[in-house]
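A.B. asks: Chains as they are written, first to last, in my numbering: chain E, 1 to 85; chain Z, 86 to 1058.
Honestly, the hints are just simulated from the structure, not real lab data.
Each hint should be verified, as a subset may be incorrect.
Unchecked claim - Straight-line C-alpha distance at most 30 Å; calculated DSSO-like pairs for lysine-lysine:
id, chain 1, residue 1, chain 2, residue 2
1, Z, K737, Z, K755
2, Z, K548, Z, K576
3, Z, K576, E, K11
4, Z, K576, Z, K210
5, Z, K851, Z, K737
6, E, K11, Z, K210
Chain by chain, the residues:
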Amino acid sequence: MLLIDCPFCGKRPEGEFSCLGEAVAPRPDPAGLDDDTWSAWLVGRENRRGFHSERWWHVRSCGRVFTITRDTVTHAIQPHAEAGQ
Amino acid sequence: MTAMRLPNGGLVDRTQPLRFQFDGMEITGFAGDTIASALLANDIVLAGRSFKLHRPRGFVGAGYDDGIMVDRLSPRPAPNQLAAVTGIEPGAVYRSVSTWPSARRDFGAVAGFFAPLLPAGFYYKTFMRPSWHLFEPLIRAAAGLGRVPVETWQPTSESRYGDCDVLVVGAGPAGLAAASTAGASGARVMLVDDQPSPGGRLLHDGFADQAWLAEMLAMLEAMPNVRRLPQSSVWAYHEHNLLTVIERAPSDARDLDFRTWKVRARQVVIAAGAQERPIPFPDSDRPGVMLASAARSYLHRHGVRVGARAIVFTNNDSAYATALDLAQAGSAVTVLDARPTVAPEVQARAADRGIRLRTGAQVVRAIGRARVSALEFETAQGRERLDCDLVAVSGGWNPAFHLASQSRQATSVWRPDIATFVARHASEDFSIAGAATGTFGTSDCAREGAAAAATALGRLGIKSPAVPVPESGDAFVANEVHPLWFVPRSKGAGKVFVDLSGDVSTDDLGLAMREGYDSIELIKRYTTAGMGVDQGKTGNVNVIAVVGALSGQPADAVGTTTFRPPYVPVEFGAIAGARSQARLYPWRHTPLTGWHVEQGAVMYEAGLRWQRPGYYPQPGEDWSAAAQREARAVREGVGVYDGTPLGKFQLKGPDVPRLLDLAYVGDFSKLKPRRGKYSVMMSDDGLILDDGVTFRLDEHRWLLHSSTGAADRVHGHLEQLLQVHRPDWRVSLIPVTTQWANATLCGPLARDVLAALNPDFDISNKALPFMGMVEGHVAGLPVRVFRVSWTGELSFELNTPARHGPALWQAVMQAGARFAITPVGSEANHILRVEAGYLSTGHEVDGTADVHDLGLSGLIGPAKTDFLGKRSMEIRRRADPSRFELVGLLPEQGQMVPEGAPITPGGDRIDQEGFVSACVMSVAQQRPVALGLLREGRRRMGETVRARVRDRIIAMQVVEPVFHDASRSRVKS
Chain E
1 MLLIDCPFCG KRPEGEFSCL GEAVAPRPDP AGLDDDTWSA WLVGRENRRG
51 FHSERWWHVR SCGRVFTITR DTVTHAIQPH AEAGQ
Chain Z
86 MTAMRLPNGG LVDRTQPLRF QFDGMEITGF AGDTIASALL ANDIVLAGRS
136 FKLHRPRGFV GAGYDDGIMV DRLSPRPAPN QLAAVTGIEP GAVYRSVSTW
186 PSARRDFGAV AGFFAPLLPA GFYYKTFMRP SWHLFEPLIR AAAGLGRVPV
236 ETWQPTSESR YGDCDVLVVG AGPAGLAAAS TAGASGARVM LVDDQPSPGG
286 RLLHDGFADQ AWLAEMLAML EAMPNVRRLP QSSVWAYHEH NLLTVIERAP
336 SDARDLDFRT WKVRARQVVI AAGAQERPIP FPDSDRPGVM LASAARSYLH
386 RHGVRVGARA IVFTNNDSAY ATALDLAQAG SAVTVLDARP TVAPEVQARA
436 ADRGIRLRTG AQVVRAIGRA RVSALEFETA QGRERLDCDL VAVSGGWNPA
486 FHLASQSRQA TSVWRPDIAT FVARHASEDF SIAGAATGTF GTSDCAREGA
536 AAAATALGRL GIKSPAVPVP ESGDAFVANE VHPLWFVPRS KGAGKVFVDL
586 SGDVSTDDLG LAMREGYDSI ELIKRYTTAG MGVDQGKTGN VNVIAVVGAL
636 SGQPADAVGT TTFRPPYVPV EFGAIAGARS QARLYPWRHT PLTGWHVEQG
686 AVMYEAGLRW QRPGYYPQPG EDWSAAAQRE ARAVREGVGV YDGTPLGKFQ
736 LKGPDVPRLL DLAYVGDFSK LKPRRGKYSV MMSDDGLILD DGVTFRLDEH
786 RWLLHSSTGA ADRVHGHLEQ LLQVHRPDWR VSLIPVTTQW ANATLCGPLA
836 RDVLAALNPD FDISNKALPF MGMVEGHVAG LPVRVFRVSW TGELSFELNT
886 PARHGPALWQ AVMQAGARFA ITPVGSEANH ILRVEAGYLS TGHEVDGTAD
936 VHDLGLSGLI GPAKTDFLGK RSMEIRRRAD PSRFELVGLL PEQGQMVPEG
986 APITPGGDRI DQEGFVSACV MSVAQQRPVA LGLLREGRRR MGETVRARVR
1036 DRIIAMQVVE PVFHDASRSR VKS
């Protein structure tokens, strides 16, 4: 069970959060994109072994969505990036 | 008698004899005995049969490394209790496992004759024709472990969260030194050990320095900041130093069988010791062949001498402690040492005790079936045979670093001097000390434990004190191991079992590799080596080394498999704790549940653990009769239902219209105040997430409704949309589902009932039209009234703040009494909405149908260039132009069709062309009607299609998906 550092609430156990998955770029305007590019943004994920960025939603407390950098093998978490990005 | 209880010695209490039964035999043991030690004390050496081949088996280890299980029939019936760990109880009844009728006379032994048909992975190769199912019952009856008792015992368990500064795993010399050091510094310490008394191997080594042990215990007892958990196991190491611990029979709570801890430790010291491994040789799985340390354990813990004529077979010094102790206890002992030479001091001490020693010796095979009776062995002088009743084997010791591996911060590394794996890590979260790092020798272990604690304290910024460590060393330590991984089969010799729990022999390992399963992970799964109840504690390193030997690689090239929890078997009941049944996942109730139950409602789950009435049966009614009556009341008079659980979200802010336009397929920016709009919300991958009506309350405030079951998903969806993709939009989103209680009036007389409630607002169709809303009061209670309908009748949804819910319902029932108002449950609701052709998430909205498929193309805002899901929906439709479309279905001959029934061409057993999403007995049409999805259904109106229900075919006519008031005149009246 991860101990996640919420930017507002401090270190809280994983059960207070909902995982939103790998942090992807903000939603592009589909109009200018071909099908492959749109699909790549929608479902393509790096799924990196090692440190990657992911978003968590502190649903059972402050409600904030924020990004953390977590090692997918050891679960080490680095200090978090700016909220909302 | 050859295995026997000695008159003195051991930690058992000879003043407390306990009688119990095993396989029908009356056995006497003492308080402090395990089932294993009591059986051995009574010379019962054969205690079970192996999993696959039903070979006779005895005790190999003296703790969690042993795989013999028994079913406890009484008290507290439970299968698969580990015999070498479970304490005996007076009057208990135990039965051996995988045996019938008993361990001694096991019919399953015939499996041995089928051994050639039962190699690794046999279920892919043998017993296949004409059908595996022919053989299945027999094989299932023969295999398997304990039997589930008819009357189940529910353990009483508690779950607790713990936190501490230092968690010490293991109370052997290293763990005791670590816990004392940490405790003496004032830090909060938890010390977990799986035995009833601390000391680890000190208890069964006959170790001379008991004074040091006593001193440590006294120190720890005097520290209130140290919490000791005896008879407890740390079974998993999770992320960020969260460890799960099972505490068995906690001494501070006599009513508890288990307490499960989730401990967040700031630092962990793993002092879990080491596990002896055997040297497999032909038929070394016979009862009477055990680990050398186990023989010593039974002697020193339980006062049981397990053999009178013992052979000790070893490749290292540690087994000599066993040889000497057995000789002192009166056994005739011979040591067969695989090494060419043995240190002179060791030889001298053996000679002192009259022990015969043969060096350069290798056991060729064991003789005996139900019990070992002799060994054949080979030396430079040739082959010899020696009678015996006990073989104590030591192949070396494997450090127990499993927890470190589970943390995913350690790797396995080979240490050639002790011929086994140890852990290498650079973690700042834990340390490993003692035998768990491959350090053998009590003083060294204690010193390491103290140092590990000092490191841990240092990381916490706490100064560590010095604690005493024992000075005396051990005479016999497995510091140098002469590797002998197994003795291969020779002519006439039997199988060499490497993993006992899984009945895996060297033959199976060789076969697996010849068949191409050449990685250790594949070999493990194909042969089941390491997957049994002992989880490979005695076998895994041997398996790895055998695989290396057979494939010509060193063991560290083969590598270890991934270490996974649990480290020891853990009962599910212990993990569940008090969280069972309703407490596991509590129900959510509306303020009206009490009223519904009082009216005799049968409560259903409406989604997300909400309780809603399914139907209100009157005397003599079953669910169908009640549902028909309630639905008819709505069609002909007036009904009321509790729609409280439906999701409600309050939206506020200047950018709400933009949010709704992006999230929904429809146009919301032009919606006027006090008006609502039904729309569909899609996820960006083009699938329908939810549907519902959203109202504009005034210029800035909106109320979004979702279905009950999707409320949490919709919440997350909108939060993510706002916070991640549109952080600059000014929208406040607050879930208010539980803030409002609901009473929904529906039926032709609904407005009459509303009038009788004394509303302080105009309720005429002009002032409050369909899809309109108003705020005001009825019966003196504040309400918001929404004109939405899911029943196909005139409908007013009355929402009041939750605390007024019961009062509102009382008022409604009173006002509606003269209109014969009827409470309506979800069964009747289902009938009404299907007749009316309204959609329901989970039925027609099944996760694959899109807006066009469901005939809702008109909902899409014509000028909208983008909304969530638009692009993906187009991509999907282009890829699959032949769509499953919403249709109505009329089953012929008054037959009901089960929900989910496939529709197939001609009713044949082939790929379906649709399915029935809902079927009800219509009150409007007095016959079964159904909704469904059918390939290209919209152009097949009038066709007859066929639903297939197992072997029945039901013909249905394809019609428009509405069976009542298609013009919606009643809804809009």
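A.B. asks: Compare the structure with each hint and give your call.
C.D. replies: Hints versus structure:
no.: 1; hint: Z/K737 x Z/K755; in the structure: holds (16 Å)
no.: 2; hint: Z/K548 x Z/K576; in the structure: violated (64 Å)
no.: 3; hint: Z/K576 x E/K11; in the structure: violated (65 Å)
no.: 4; hint: Z/K576 x Z/K210; in the structure: holds (27 Å)
no.: 5; hint: Z/K851 x Z/K737; in the structure: holds (28 Å)
no.: 6; hint: E/K11 x Z/K210; in the structure: violated (53 Å)
When held up to the earlier numbered hints, the structure conflicts with 2, 3, 6 and fits the remainder.
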